[in-house]
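Protein sequences, first through last, are from chains F and P.
Using numbering that gives the first Met the number 0, you'd call the opening residue of the first sequence number 0 and step up by one each time.
Using numbering that gives the first Met the number 0, you'd call the opening residue of the second sequence number 0 and step up by one each time.
Just so you know, these hints were derived from the structure itself, not from any lab.
Careful: at least some of the hints might be erroneous.
[To be verified] The calculated lysine to any residue pairs, modelled on SDA-like cross-linking and capped at a C-alpha distance of 25 angstroms, are: (1) K2(F) x E64(P); (2) K82(F) x K2(F); (3) K239(F) x Q312(P); (4) K239(F) x N43(P); (5) K239(F) x G366(P); (6) K239(F) x P322(P).
[To be verified] Partial pick of chain F residues on the chain P-facing surface, computed with a CB cut under 8 angstroms: (7) R139; (8) F218; (9) Y219; (10) V225; (11) H292.
For glycine and all other residues, C-beta sits at the position ideal for the given N, C-alpha and C.
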Amino acid sequence: MIKLEPRGERSRAMAYLSPVLAALLTMLTGLILFTLLGVDPVEALITILYVPISDTHGLAELCVKTAPILLCAIGLSVAFKAKIWNIGAEGQLLMGGLFGSYIALQFIEVEAFWVLPAVLIAGVVGGIVWSGIAAVLKVRFNTNEILTTIMMNYIALNILLWAVHGPLKDPDGYNFPESALFGDSALLPILVEDTRVHFGMALALLAVVAVWVLMSRSFYGFQIKVMGMDAGAARLSGFKEKRLTYFALLLSGGLAGLAGVGEVTGPIGQLIPQISPGYGYAAIIVAFLGRLHPVGILLASLLMALLYMGGEMAQISLGLPLALTGLFQGMLLFYLLACDVLISFRIRLKSKKLKPSPPLPPLASETQG
Amino acid sequence: MKQNPSPPRLTLRGISKQYPGCLANDDIHLDIAPAEIHALLGENGAGKSTLMKVIYGLVKPDYGELLWDGLPIEVKDPAHARKLGIGMVFQHFSLFETLTVTENIALALGDDAGELGPLAEKIRSVSEKYGMAINPDREIHTLSVGERQRVEIVRCLVQNIKLLILDEPTSVLTPQEVDTLFVTLRQLAHEGCSILFISHKLNEVKALCHKATVLRAGKVSGECIPAEEDTTSMAKLMVGDDTPISTTYPKKLGSTPLLKISDLNLTSDDPFGVHLKQINLTVNAGEIVGIAGVAGNGQEELLASLSGEQRCQNDTIHFADTPVGKLSPDQRRQWGLAFVPEERLGRGAVPEMSLTENALLTGFLSGLVSKGMVAWHKAEAFADEIIAQYKVKTPGRHAQADSLSGGNLQKFIIGREIMQNPRILIAAHPTWGVDIGAATAIHKALIKLRDQGAAILVVSEDIDELFLISDRIGAICDGALSPIKPTPESSIQELGRMMAGDFNSPTCEQGATP
Numbered sequence: 000m001i002k003l004e005p006r007g008e009r010s011r012a013m014a015y016l017s018p019v020l021a022a023l024l025t026m027l028t029g030l031i032l033f034t035l036l037g038v039d040p041v042e043a044l045i046t047i048l049y050v051p052i053s054d055t056h057g058l059a060e061l062c063v064k065t066a067p068i069l070l071c072a073i074g075l076s077v078a079f080k081a082k083i084w085n086i087g088a089e090g091q092l093l094m095g096g097l098f099g100s101y102i103a104l105q106f107i108e109v110e111a112f113w114v115l116p117a118v119l120i121a122g123v124v125g126g127i128v129w130s131g132i133a134a135v136l137k138v139r140f141n142t143n144e145i146l147t148t149i150m151m152n153y154i155a156l157n158i159l160l161w162a163v164h165g166p167l168k169d170p171d172g173y174n175f176p177e178s179a180l181f182g183d184s185a186l187l188p189i190l191v192e193d194t195r196v197h198f199g200m201a202l203a204l205l206a207v208v209a210v211w212v213l214m215s216r217s218f219y220g221f222q223i224k225v226m227g228m229d230a231g232a233a234r235l236s237g238f239k240e241k242r243l244t245y246f247a248l249l250l251s252g253g254l255a256g257l258a259g260v261g262e263v264t265g266p267i268g269q270l271i272p273q274i275s276p277g278y279g280y281a282a283i284i285v286a287f288l289g290r291l292h293p294v295g296i297l298l299a300s301l302l303m304a305l306l307y308m309g310g311e312m313a314q315i316s317l318g319l320p321l322a323l324t325g326l327f328q329g330m331l332l333f334y335l336l337a338c339d340v341l342i343s344f345r346i347r348l349k350s351k352k353l354k355p356s357p358p359l360p361p362l363a364s365e366t367q368g
Numbered sequence: 000m001k002q003n004p005s006p007p008r009l010t011l012r013g014i015s016k017q018y019p020g021c022l023a024n025d026d027i028h029l030d031i032a033p034a035e036i037h038a039l040l041g042e043n044g045a046g047k048s049t050l051m052k053v054i055y056g057l058v059k060p061d062y063g064e065l066l067w068d069g070l071p072i073e074v075k076d077p078a079h080a081r082k083l084g085i086g087m088v089f090q091h092f093s094l095f096e097t098l099t100v101t102e103n104i105a106l107a108l109g110d111d112a113g114e115l116g117p118l119a120e121k122i123r124s125v126s127e128k129y130g131m132a133i134n135p136d137r138e139i140h141t142l143s144v145g146e147r148q149r150v151e152i153v154r155c156l157v158q159n160i161k162l163l164i165l166d167e168p169t170s171v172l173t174p175q176e177v178d179t180l181f182v183t184l185r186q187l188a189h190e191g192c193s194i195l196f197i198s199h200k201l202n203e204v205k206a207l208c209h210k211a212t213v214l215r216a217g218k219v220s221g222e223c224i225p226a227e228e229d230t231t232s233m234a235k236l237m238v239g240d241d242t243p244i245s246t247t248y249p250k251k252l253g254s255t256p257l258l259k260i261s262d263l264n265l266t267s268d269d270p271f272g273v274h275l276k277q278i279n280l281t282v283n284a285g286e287i288v289g290i291a292g293v294a295g296n297g298q299e300e301l302l303a304s305l306s307g308e309q310r311c312q313n314d315t316i317h318f319a320d321t322p323v324g325k326l327s328p329d330q331r332r333q334w335g336l337a338f339v340p341e342e343r344l345g346r347g348a349v350p351e352m353s354l355t356e357n358a359l360l361t362g363f364l365s366g367l368v369s370k371g372m373v374a375w376h377k378a379e380a381f382a383d384e385i386i387a388q389y390k391v392k393t394p395g396r397h398a399q400a401d402s403l404s405g406g407n408l409q410k411f412i413i414g415r416e417i418m419q420n421p422r423i424l425i426a427a428h429p430t431w432g433v434d435i436g437a438a439t440a441i442h443k444a445l446i447k448l449r450d451q452g453a454a455i456l457v458v459s460e461d462i463d464e465l466f467l468i469s470d471r472i473g474a475i476c477d478g479a480l481s482p483i484k485p486t487p488e489s490s491i492q493e494l495g496r497m498m499a500g501d502f503n504s505p506t507c508e509q510g511a512t513p
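Same shape as in the complex, but just chain P (with noise of 0.2 angstroms):
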């Protein structure tokens, strides 16, 4: 940065914010110069939501002050936000799918909308200036997920922006699409405007940022140049030193095929829903085959028909040799199949039961309940094995299962799992929202697995954890699935390709802009 006689865009000053049992926030101090794209780095938990909710009016810090231009100021809501010229594009788009792009951008304005037709135009003409084109008479519901980011950042800049903040924007996008949305904002940059880039991933932040503002448990850990820094030593910053960061893990094919799909079509009931189309699959015993994709592509369709929720043709899908199209989810389970959902707290664990009725949850089949009646203590024995041999923090058996962390969580219900010695192990996101820790731990456990034998399917959105453990890869994009391939042979651009649904173009072609 060069000698700036303004003040900065925005200052933080202390600001600290205490919820029940978590200081989300500690004295936290940060600067944004104007035309500065600042990250904010951090693990999940580390605090990073809480302070942009700081900046953006949704919560009251309990201490400290915002300064704005140089002014203390105190953000009353988000609609004073907008006002001051912040804008924010949220992690889960807040967006009406039945409603057009100019409809929903207007009802996120407010009275500041206008009319319709000029605000279609603006649309379109900021839209094309800032390299990302979208069409204002559209529904949301045709739109994919990165054309929905587009409409989101659009809201923002339609209005007159001085303060953008992103929450993990490339989450959502394929590798491609994250080329072209830095270059946008690259361009908005250069334009005068800030930019509060909120991500974990070290590889994005060095490309974009000028300069990290990294949050570890609250308070701030470092400060750097992402420039200047290689992604260790921001990692050590993000995680300490003690958590050891990354490991690589021998590939292996198997070829006995446990898991297999074939020919899998399925009509959505949801309207907004994904149909699967012609999906032929195979997982071998001893192998981990992961699909990445971009949510919302069919993942979820895909995964219910797997586990059994959704019931499909028998003949679709084999567990070795036996159809199991028309089974029940526990008919399934009692085959040798274990599953790891999304959502944790809601299908994988009952928030307000304990750990041991947790644990009953998906063990009653191997040998907890007995006549009808709970084997209690049997499942307290279970319930304790899964905490000791998984490491699981907790109080005890006896603690509920939202008190516990979303890793320490992961780690008992992928312990869960693991412990009735599946066959097939099929896990969705399983280390998301989890820290670096308890990633490294899940990762392991499901290696460990899969050396003994059993076929693991994972579905991830995170392509680096997917390169990690995967032994084959491939992406699924509209309900379609791509091949799949031994994961030496494929490259981040070729999945990043496929995520896109481009299944069959040949090898590196540089679809990106630079």
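So that you can see chain F by itself, here it is in the shape it has in the complex (with noise of 0.2 angstroms):
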């Protein structure tokens, strides 16, 4: 019989290698799935998780996908680490990719160093609004952070398409429901030249360093991270639970915000209702499986990435449903959650081990009594 057991203390090597049996456990059940759909399992496997990457397009185009997925878990990992969860990184970004489109459609025809950082502004106040309304909620009223963040993802997707159907909508778009394209001064520079590596990349490494910096060397961070791991402790010492609270949240909205104008104003160049395919979502399995560590995250965005893009080329070169892609995050988000037993348990395989117990000393009492 299979048994759980307690180690007594967290296993610190299992804590890093769950997420890596959780890969290669997500692969041995993609295996099957498509042994089971009929389709030759290695090539399946070689399609989703080499071809996309076996050139310097495909590189690139892995660098384009991981921008945003990075910047909105770099960003939650603060929210996270503060125990404060923050689900709502897709209405964040959304909002951000709208506000900054709003800005980037007033100045379309001016050409200006400023243009560009305002839009960027604009997207990250987007996403700050977006999330400060979340957090008022839960400081004020105390609501559950996890309830109102998902319900404004639905909210600001519907804003957006209302935008889009309406006030935004190209005058000269033939009814798409699609805004004017961009002027250039509102779009990011290019990185790599002859690809759509743009300075998202740039910028959503730069956020990595500056989190990184934040929570393991500034005193702000360690505040953020007691107060997550035991709020009596933070109290105590007089952290202010409110503005922690407040500052992680806007933190992470902010990030998510900037990921989505970086993507209109970066591979997009304009604003569509289809700015994400659930950047925001998989940000979430992306900062768990990164352990919350800014290197970690880094990792695990660029297979987030690459999971996308395999999802795509599975679904044209083997026909196989894109939905493929969800399915491998649901996969990987459910095997980590399971590896993750054992940080704090053993598996003991019990075969009956009690010995007898060890033959009975005569008893004081009895012989007395």
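Both chains come to you apart, so use the hints to assemble them.
Here it is as structure tokens:
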């Protein structure tokens, strides 16, 4: 019989091993799945995990997909460290895209250096506003941020749809639900020539470094961690709970907003209804897969981006449904949560190992009595 | 014990239980005869709790067997234990505050409870028979802690009980209530019920128990007849030979007030919390003031208003001449307050953080942070210094706080607070659950800080500790504070009356039943 036995102490090795194990199990399940679907499993895995990045163009596209996921996930990691469960990166990303687009569309004809920064700031503000609503609700009325942030996602999506179908629709766009193309001065510069790798990737990497410094070097980050691990200790030490809550939520919202505006001013170049294939949700998985650590999150973002590309590739060359991407994401999180049990527990194969109790010594009281 | 042909009520043979990293019980043998009050003595962590959980069916032993009335049995779960006639009163009660006594007992009994009406009648008659009357229709939140314990005991008695296990039952009682409890227990034993009395208080064991089994580090370190031993020899069995058992400290009185509480009234937000009523207290530089009290009489509320977690009117609390009622915990720390909370894991230290990080937790005001950045090398040095000076047993500053034993973690926390050179130190239950060696070290550290001129307030449920280290002493009951007297002028009896809320009666008037 298999038995879970408490380790007594959290295993550090297992904490790092668990994501790797989860990835392997996901792949294994993938193999079985492909076999059942009648697809050559090895070819399918190669198609999903290798073909997309087998050339420089692929690698460049990987960066393009990584940037928004990374920005969202690194921001979420700060909130999650504080045990604030911001599930609303998707909505914050959409609002960032919408706010940024609005500013960009006001200055289509303007050619000036300040247009792009203004657009980016507007995007960040959009994300902050959206997460700020959840923050106010949480701090003022003690509402559960999981529920509010999820619901805000749907509201954000519908506002975005209304905007592209209404006020921000391109008047010369034959009634397609799209905005006009942004002016050049509102577009993110390309980092590597002949690819779509844009300045957003640099911003994402910058954010990773900044969050790393914040969480491991600054006292503010320390307070956030303490609040998440032990709110009682934080209160007793005089850490400002409300202020830290605002900070963590607004920071994650702002970075998600930046991710959104990075999409519309980067690879897309205009506002469209589908600016995100669920990057904000994928970022939740990425944050946990990366153990809320900047380096881990960077690696996990690359993997997640690869899954997005692999899903598309499998659709194109193997005729598999695009739902594959979501399936793999889900499996990854599922296995990760399962494997995380092994951080605090070890598996014991139990084979009636009980030895018979040692022979009874004569009992003092019996002989006396 | 007389010649007794009948088998012992309960026999344990070679009970061993291994937890990861700790052998909680190692080959334990124990016999309890019918009608015997048997003490299980031992320090915190000696394995008493594990052993009683084995008897009550909460924990399965790895080796060994139980004999009940001479027959080998395996206690499957607490329900099975209750069927056998084993009742247990835990240290922390499991009662629903908003339900009545009858409803609580009915819930605990499950299917055996029957109709509520007859049950209430039974509760009334049983409780009166044993001299601990309770009204079955009262709701739990209206009862005092002592009365709640009676409910727990009566819950066991309404069944056909043959063995009653009590886990540290006196820790929540005033000295007078302890006397009443002992009368009940003696009567029970007289009627043939066996009692397993778990305690670390030697004088109580000596007063009550027929036999004692002493545990140390999971093993039986000795058996004795308490009436024939003196407390020192039993203490040696408990802690071993190499630990100093008791010392006395010279008493001192200060004259410069450093901490002053004037007319503090506070309404608790918690529906089951305690309101503070008109609290007045002065702690002078260079003295230790001890406040006794049964848990849940306003200690938490008082401590929270001193630490700053709970703000109050600005002029109700003064540090020296500075009103601080509205200041936040960190602002008060800035002034020179240090605070040792009751929960060492969960407020005093973050369980999953390293000792270095936990040193930073309250040490951030003493130069460990510059320009918003943590100076980790300084925090590490600070942690090393605490570990060295207070002899904290740990693999190093990287160890997680929850990997330390209670005593070592408490030494670390006390050390962390004292090394910041506080002008006022407030300590809640500073040696709760700590072994004697660590407790002595902590007491010495407090006395040393006092001699350096700090004002120290200790809130504790351990009366012996308060008499040992306090220069002045008082008690809190139902949110009101008794007058504070110099310790040599007070007595355990008087303090006991104060803990029960009787602040005014003159001295010695033997209030307790013999």
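So which of those numbered hints doesn't the model satisfy?
-> 2, 4, 7 and 11
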